[in-house]
Amino acid sequence: MGIIKNIEEIKKISKVKSIENENFFEVFRDFNEELKKSYDKPVKNFYQQLTKIIDCRECGNCCRDIIIVFEKDDIPLLSKGIGKSEKEIVEKDFIFYEKHQVYIMNQSPCKFLKGNECSIYPFRGTECREFPYIETKEFSKIYNYVFQGYSICPFHFNIVEFVKNLSVDNLKIN
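In my numbering, the protein residues as written are 1 to 174.
These aren't lab readings, by the way, just hints derived from the structure by calculation.
Treat the hints loosely; a few may be bogus.
Unchecked claim - Dumping the calculated BS3-like pairs for lysine-lysine here, alpha-carbon to alpha-carbon at most 25 Å: (1) Lys72 <-> Lys52; (2) Lys84 <-> Lys72; (3) Lys92 <-> Lys12; (4) Lys41 <-> Lys111; (5) Lys12 <-> Lys52; (6) Lys111 <-> Lys17; (7) Lys141 <-> Lys52; (8) Lys36 <-> Lys164; (9) Lys72 <-> Lys5.
Stated by the list, open to error - So the derived label-pair ranges between C-beta atoms look like this: (10) Tyr97 <-> Pro76: 35 to 41 Å; (11) Pro42 <-> Pro109: 15 to 21 Å; (12) Asn165 <-> Glu88: 24 to 30 Å; (13) Thr126 <-> Lys87: 34 to 40 Å; (14) Tyr97 <-> Lys164: 45 to 51 Å; (15) Pro76 <-> Lys11: 34 to 40 Å; (16) Lys87 <-> Asn165: 48 to 54 Å; (17) Lys164 <-> Glu130: 20 to 26 Å; (18) Leu166 <-> Ile53: 17 to 23 Å; (19) Met1 <-> His100: 34 to 40 Å.
Note that the Cβ used here is the ideal one computed from N, Cα and C, for glycine as well.
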């Protein structure tokens with residue numbers, strides 16, 4: 001299977017492969033840390049290849065299907081970008097989640113999504129800037145999020161397919 005970008009096709013395939021993915025996730029979860037870490041470099045390299053093929057700004061599916069989170073430090077930038085007071089923004093558009101000290105958007109899809117594009121792209125929150133997380137975090141630390149995003153994100157979908165096809169024998173364990 002080649003690289004798949006079309007989110008509707010990804011959703012169809014994810015339904016067909018749900019049991020296969022669940023089984024693989026359970027096996028991967030039980031790998032020792034050294035073996036999990038051996039996937040980090042190949043996944044990072046594959047991700048770099050994917051960035052030449054997939055453009056998040058053409059999809060926007062994460063903005064429809066994932067809870068939108070803004071960190072406290074994101075609110076001043078958003079306020080400046082959209083010309084509203086921080087107080088007005090948090091009271092109107094977010095719910096404060098005390099446990100994690102973050103703001104969660106009170107509607108879905110994201111109110112700033114216009115078509116498939118983010119209308120506040122330069123002012124988007126940290127979580128949005130870092131998604132799909134592969135660039136800033138090691139796969140061995142976030143594999144559970146990547147598997148959860150299989151049906152939502154073309155990056156996550158293609159990375160899971162890539163990982164399932166990697167042979168443990170061909171991985172270099174440091």
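TODO: Confirm or reject the claim that tyrosine 97 and lysine 164 have a C-beta distance inside 45 to 51 Å.
DONE: violated, 33 Å
Task: Agreement of lysine 36 and lysine 164 with the hint, judged by alpha carbon distance not exceeding 25 Å - done: With a Cα-Cα distance of about 13 Å, the restraint between lysine 36 and lysine 164 holds, given a limit of 25 Å.
- [ ] Verify the proposed pairing of lysine 72 with lysine 5, using a straight-line Cα cut of 25 Å.
- [x] Answer violated: lysine 72 to lysine 5 is near 33 Å, above 25 Å.
Open item on the list: Would the hint linking lysine 12 and lysine 52 be met if the CA-CA limit is 25 Å?
Closed with: holds, 24 Å
TODO: May I ask you to test the hint 17 to 23 Å on the CB atoms belonging to leucine 166 and isoleucine 53?
DONE: Holds, since leucine 166 and isoleucine 53 (Cβ atoms, about 19 Å apart) stay within the stated range.
Open item on the list: Given the hint of 24 to 30 Å, is the C-beta distance from asparagine 165 to glutamate 88 inside that range or not?
Closed with: Hint violated: Cβ distance 49 Å, outside 24 to 30 Å.
TODO: Starting from the range 48 to 54 Å, see whether the pair lysine 87 and asparagine 165 falls in it by beta-carbon distance.
DONE: holds, 50 Å
Task: Restraint status (C-alpha distance of lysine 84 to lysine 72 at most 25 Å) - done: holds, 16 Å
Open item on the list: Check the hint pairing lysine 92 with lysine 12 against an upper bound of 25 Å on the C-alpha distance.
Closed with: Roughly 36 Å separates the two Cα atoms, so the pair is violated.
Task: 15 to 21 Å as the expected CB spacing between proline 109 and proline 42, which holds or is violated - done: violated, 33 Å
TODO: Look at the Cβ atoms of lysine 164 and glutamate 130 and judge whether their distance stays inside 20 to 26 Å.
DONE: This hint holds: roughly 24 Å between Cβ atoms.
- [ ] Could you see if the CB distance from threonine 126 to lysine 87 stays within 34 to 40 Å?
- [x] Roughly 20 Å apart at Cβ, these two residues miss the hinted range, so it is violated.
Hint compliance for this structure: hints 1, 3, 4, 6, 9, 10, 11, 12, 13 and 14 are broken, all remaining hints hold.
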